[in-house]
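S.K.: Let the hints inform the model, and build the full structure from the sequences given.
Chain by chain, the residues:
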Amino acid sequence: MSLNYIFFYGLSEHILSKYWGIAIATYLFLGGLAGGMHITGYFAYLYRNKSEILDTISRFGIVLSGIVLVFGLFSLIYDHPNVVITIINPTLFRNLGSWLAIGSWIILFFLIIWFGLLLEHLKKLKIPDRLRLAVMTINSFLAFMIILYTALLLRGAMFVPMWQSLALPMLFVVSGISTGIAACVLYGIIKTRKSELRLKAADALLIALEIGLVAYFLIDLSGMGSISGFPSMSVAAKASLDLMLDGAYSALFIYGFVGLGMVFPLVLYGLSFLKKSLVTDIVSSISVLIGGYIFRIVIIAAAAKALTFP
Amino acid sequence: MDVYHSPCIKCRGCEAICKNFNQTPEGVYRIRVITINEGKEGQLNLPMPCLQCNDPPCMKVCPVKAIWKREEDGIVFVKKDVCIGCGYCATACPFGSPQFRKSGAFGLDGKMDKCFYCVQPYDPKDEKGQEIFREPKPRCAMVCPTGTIIAGEQSEIAKMLRERAAEKMAMGELERLFLFF
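Chain order of the listed sequences is G and H.
Position one of the first sequence corresponds to residue 0 (numbering that gives the first Met the number 0), numbered consecutively onward.
Position one of the second sequence corresponds to residue 0 (numbering that gives the first Met the number 0), numbered consecutively onward.
Hints are computed from structural coordinates only; laboratory data are not their basis.
Accuracy of the hints is not assured; some may be wrong.
[Said to hold, decoys possible] Covered stretches of chain G (in silico footprint by chain H; criterion: 3 or more residues with CB under 8 Å from a CB of chain H, positions within the stretch not fixed): (1) 79-90; (2) 147-159; (3) 284-291.
[To be verified] Below, in silico cross-link-like pairs of lysine-lysine (DSSO-like), each with a Cα-Cα straight-line distance of 27 Å or less: (4) H/LYS39 to H/LYS78; (5) G/LYS304 to H/LYS59; (6) H/LYS59 to H/LYS110; (7) H/LYS167 to G/LYS304; (8) H/LYS39 to H/LYS167; (9) G/LYS237 to H/LYS39; (10) H/LYS158 to H/LYS136; (11) G/LYS304 to H/LYS158.
Remember, predicted model here, so these are calculated numbers, not experimental data.
We put the CB at the ideal spot given by N, CA and C, even for glycine.
M.R.: Given below as structure tokens:
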């Protein structure tokens, strides 16, 4: 499909591949995963009453979330070495109308609070219970904002119709929390040889919601593809949709994300409710994680490739 | 400044004079001539400088407030001492105006570079503190042999375009002309 509109002609393939590649997809995935793990850890902490597995998951979610986020930042730095300067001096980010700046501040505050919680976990710091709960509540909100930020960061590219869809931030949030739960369930099984029913039920519910949101996202995108008053946007929207459903990324999207990341684990979760099996839980958690990563890759690649002119 | 698309013959004189005059680094083109429908019916050459948008998306997304718009003439500038080279502006601009070197030392990007119509920079002094004198006319418009890029006061440009439209009407090419407006 050729894009014969002036709107996109300033872009070059160099810019697209440089700024939107696998490293950014990794950053978005790890950001979402870290946020999801922290939120799961927080809820596990709230309901941990004498439950060994929830206590283990709570510690894992909260302590590991910061490390996962730091790995995500490494991925970003690998792609954009210039970002290091803002780690040295974060006050440079002063345009609070830019999601890049807002997100960086959120990440900074999250990591500071997380570090305090890490010291507490390592018994280097004593925090009263009430204060700890308040701090964890604040950090869980920041974790939620990090997941949301990973989607809103993409909205900065105003010429990419796919990233302007309202379904995308919701999808990122649901997928981020879902992957976070999956990672925590996986760790819980490995550590305690038990799986927590409530967490599995929550993940299954989120996956069902995700399937609905994917349908909404595709309908939204196909609606954008038929806006006649804005041809350049509709051509790109249609190209993205074609790439996901019938093009270069259709296998990744349909089999990888929808199949492996949503339908397969949902069926496995359903089976595990009927008959308890740790192997089934492990496989479903891993497939949720793989599906979440594939989702970010497809969202980045299908949008960037749709704008590449002939 | 206006870009009158139809007569461009892609001589790329605008690119050459821009690079020469502004001494931009390798890989940075403040103006580029782009061809649409190459080899097909309706082939069109388009010189693409920065369009100095009314509400520039690059300025909106810049996390460090390095991009600003001068009120007097609406030209969008970048403060090179503030820019961190994150490249977010390049993803926000649909015309590819923010330019970065392909790769710097240790893979670092340079500061953002963009067209500002060769007008007086916001800090009209060079590194040695000497005043920089710039003629208030873009170099690309000065060298364009076909008059594709025209610069001047708004009234002058409007007059020039009206004359061209009248010329085209006389030649019976009115229908084609509408495509370019």
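S.K.: Checking against the hints above, which ones are violated?
M.R.: 3, 4, 7 and 11
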